[in-house]
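Top line first, the protein sequences correspond to chains Y and U.
Going letter by letter, the first sequence gives residues 1 to 365 in the UniProt record's numbering.
Going letter by letter, the second sequence gives residues 1 to 146 in the UniProt record's numbering.
Simulated from the structure, these hints should not be mistaken for laboratory data.
Some hints here could point you the wrong way.
Between beta-carbon pairs, the in silico distance windows are [as the list claims (entries may be wrong)]: (1) U/D141 <-> Y/N282: 34 to 44 Å; (2) U/D141 <-> Y/T92: 14 to 24 Å; (3) U/G140 <-> Y/R110: 53 to 63 Å; (4) Y/P35 <-> U/D141: 47 to 57 Å; (5) U/A100 <-> Y/E217: 23 to 33 Å.
All values reported here derive from a predicted model rather than from experimental measurement.
Glycine included, every Cβ here is placed at the ideal spot set by N, Cα and C.
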Amino acid sequence: MAASQTLAEQLRAQGVSRRGFLKFCAATASLMALPPSLIPRIAEALEAARRPSVIWLSFQECTGCTESLTRSHAPTLEGLIFEAISLDYHHTLQAASGEAAEAARLQAMRDNAGAYLVVVDGSIPGPEANPGYSTVAGHSNHAILMETVEHAAAVIAVGTCAAFGGLPRAAPNPTGARAVMELVHDKPIVNISGCPPIPMAITGVLAHYLTFGRLPELDAYRRPLAFFGESIHDRCYRRPFYDRGLFAESFDDEGARQGWCLYRLGCKGPTTYNACATQRWNGGTSWPIEAGHPCLGCSEPAFWDAGGFYRAVSVPPRVNAAALLGAGAAGAALGAGTALAARHLTRDEQQHREPVTVEELEKKL
Amino acid sequence: MPTLESIAPAGDTDTDALPPLPGPLVPLLHEVRHALARLVADGGEHRIDLHALPLDATLIDQLLAFIGRGEVEARIEAMGPTRVHESAIAGVWVVDYRDADDQRLALHLEIATVPQILRTDRATLSAGLQRLDAGLAGAGDPSPPS
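My request is simple: use the sequences and hints to build the entire structure.
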């Protein structure tokens, strides 16, 4: 397929009709949480969009992020978006191996200097760590990352490991794992956190880039607001039970059977920003809370070290909304400082954490 | 997930028999009403993506039952099925976009005289004309169009 083809031309070449294209645009708008009234604009932009080169780097990861994308529910839509990019390097998906694979990466970097996207999944042993913890073709993850992003248009960190360090960075962080945004300071970065991230969030960002030629609006942790703009709690269908003070106290009590709020079973929904409640998983079948399990908060920084998955969320007495917003704003301004600020805040507050009861919390609300 | 066909019988317009509306649907229906009034006034169209709203399957069923089914139904086969029907409220269409596995991609309420996906665009019309001409020529039409 010619790289100069527009997306509309590419779709037509695949036998997609005009109505199929409009459907693609409707699904894309839904994916990106854009109002359906924008569908004509999306159609117009995608008609003329040209496929960008994408280099996908996998470091300290479990391949769950790639699995999330390639096993995602709507193969037609996801496939079309994936087809709409030129995926020039991806360990798991590429046919080439060894020197040929690395040559493909370097070739894509040369041919598309200044215009290609770099997708990263997995955390990276930092420059001060033993490079032997994770290498590709004999080169450290850090060296490959820095070489590849040098002429990139933007970097998309996919999954909590790439966005915030994830499991490799959990205490005691034996490999000196770091997040992409701690190492890359001079490129636009999007974090699509989650363990794994919602596949629609990955393709949504790619679709947004295809449509508008730029990255979407981000929150203080550099996550796309379309998917991370609201908390799980605010979008949870069990929220009315929380508001009425009806909680499951164990996984098999009457409250659990009645589908009451899982707050007291450790649900991190109130402090977690993600789109599980609206996008759901497995073809929109369900999501963890609907399956009866509390949210783990997997899209938030340092969620592995947040004090236990089954402990109820507590509100540290020394943290207030202004402080959190301030930390977020500082992170947005300082870029790589975001995760560091969050880590320090988390560590500091863990030492001062005092559980509160639901009644106390509701009084504060 | 129930099919749209199972929600309410075609032509169900008996508003007296409707159940009370759940709270979350009231503002949504006011948005529909506002859009319909605009369509009447100046032809402006509007769409609402129900799939992107925090409505569970029960609420969506209740909404679709409330607006009922009208006279028009269509099914489009393009990248999987898309099912369209006009609700019992004229000008309010339900457009259910599905992928090839019949998984829902988007569920729109489209407030328009005709949903966009049913219209034929100019480029497709031209292609249709060319195809007809080619068919006539291929069939030995003695007076081919100029």
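Status of the hints after comparison with the structure:
Take U/D141 and Y/N282: their Cβ atoms lie about 54 Å apart, and the range 34 to 44 Å is violated. Evaluation of the 14 to 24 Å hint for U/D141 and Y/T92 yields a failure: the beta carbon distance comes to about 56 Å. For the pair U/G140 and Y/R110, the beta carbons lie near 56 Å from each other, so the given range of 53 to 63 Å is met. For the pair Y/P35 and U/D141, the supplied restraint of 47 to 57 Å holds, since their beta-carbon distance comes to about 48 Å.
A C-beta distance of roughly 31 Å is found between U/A100 and Y/E217, which places it inside the suggested range of 23 to 33 Å.
When held up to the earlier numbered hints, the structure conflicts with 1 and 2 and fits the remainder.
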